[in-house]
Amino acid sequence: MKSIRYIMYFVLMSMTMSLLAQENAQAVAQGENKIDEKVERNTIRKGNGLFNDKKYTEAEIEYRKALEANPSSEIATYNLGAALYKQQKWNDSRNEYRKIVQASSDSLRAAHAWHNLANISFQEKNYAQSIEEYKNALRRNPKDDETRYNLRLAQLLLKKQQQEQQNQDKNDDKNQQDKNKDQQKDQKQDQQEQNNNQNNQDKNKDQQEQNKPQQQQPQQSQMSKENAQQILDAIQQDERDTQEKVQKALMQQQKRKKTDKEW
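The sequence shown: position 59 = 283 (this note's numbering), numbered continuously.
These are calculated hints, taken from the structure and not from any lab test.
Treat the numbers as computed from the prediction; the structure is a model and nothing was measured.
Ideal Cβ positions, reconstructed from N, Cα and C, are used throughout, including at glycine.
Cross-link-like lysine-lysine pairs, in silico, PhoX-like; alpha carbons within 25 Å at most:
1) LYS359 to LYS310
2) LYS412 to LYS427
3) LYS359 to LYS313
4) LYS349 to LYS384
5) LYS310 to LYS289
6) LYS310 to LYS270
7) LYS310 to LYS323
8) LYS349 to LYS323
9) LYS270 to LYS323
Restraint-style ranges between C-beta atoms, simulated for each label pair:
10) GLN413 to GLN386: 36 to 42 Å
11) GLN401 to ASN424: 30 to 36 Å
12) GLN422 to ASP396: 37 to 43 Å
13) ALA352 to LYS394: 19 to 25 Å
14) LYS262 to GLU348: 37 to 43 Å
15) GLN392 to ARG372: 29 to 35 Å
16) GLN392 to SER331: 37 to 43 Å
17) ARG376 to ARG322: 22 to 28 Å
18) GLU282 to ASP260: 16 to 22 Å
19) ILE285 to ASP393: 44 to 50 Å
20) GLY273 to PRO295: 18 to 24 Å
21) ASN350 to ASP330: 25 to 31 Å
22) LEU332 to ALA352: 24 to 30 Å
23) GLN312 to LYS394: 32 to 38 Å
Construct all of the structure, not just a fragment, from the sequences and the given hints.
Structure below.
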């Protein structure tokens, strides 16, 4: 895929002097402080050279010096935005380009600023906003093919981004449903464990209840044995008493028989 195309700065060196003259005339008409045209011109030229050498931080310093010499310089403002963009200072760069689109009466200059604002939004993957900004650039410069190319690229990437977001939302919904199912499963398992624990407690309690009479059984058996011995002793005593009575009766009978014979 082709990389996004970027318009680095708006003014050609051949246009610099005329634009500076226009800006100075406006400043004088508005009664502003005296502008140091020489410092403005020299620092912009030096900044452009540093920019072309990819020394963007040094270029930024020179463009700021130009703005100190002429705070209303659209050239310095525009080129400062470009230097900040190259350093990926998106918010600072955006602020400079917004000054251009809000204040400039030059449609071509404003178109270039809108184009670069759109590039910043594009880099931040805010494709919806970049699309609107590219459209603003094309309204001011309909013949700009680079802006049209970037607009189409942003539209395609926005569509892809939306599809990915929809898929992500579906995955999130599915993950949430799976999470809810897992929670329900865990709750069911917890409830089952509680029921099992309760059943085990009830079972243990029943076993304890059953074990209680078993522990008392030897005492009951021992008592029955003692009672049986007592009954047995009583029977034996009755038998002895009966035998004694029988023995006495036999003795008395024999005694009578003997007496009869004597008679």
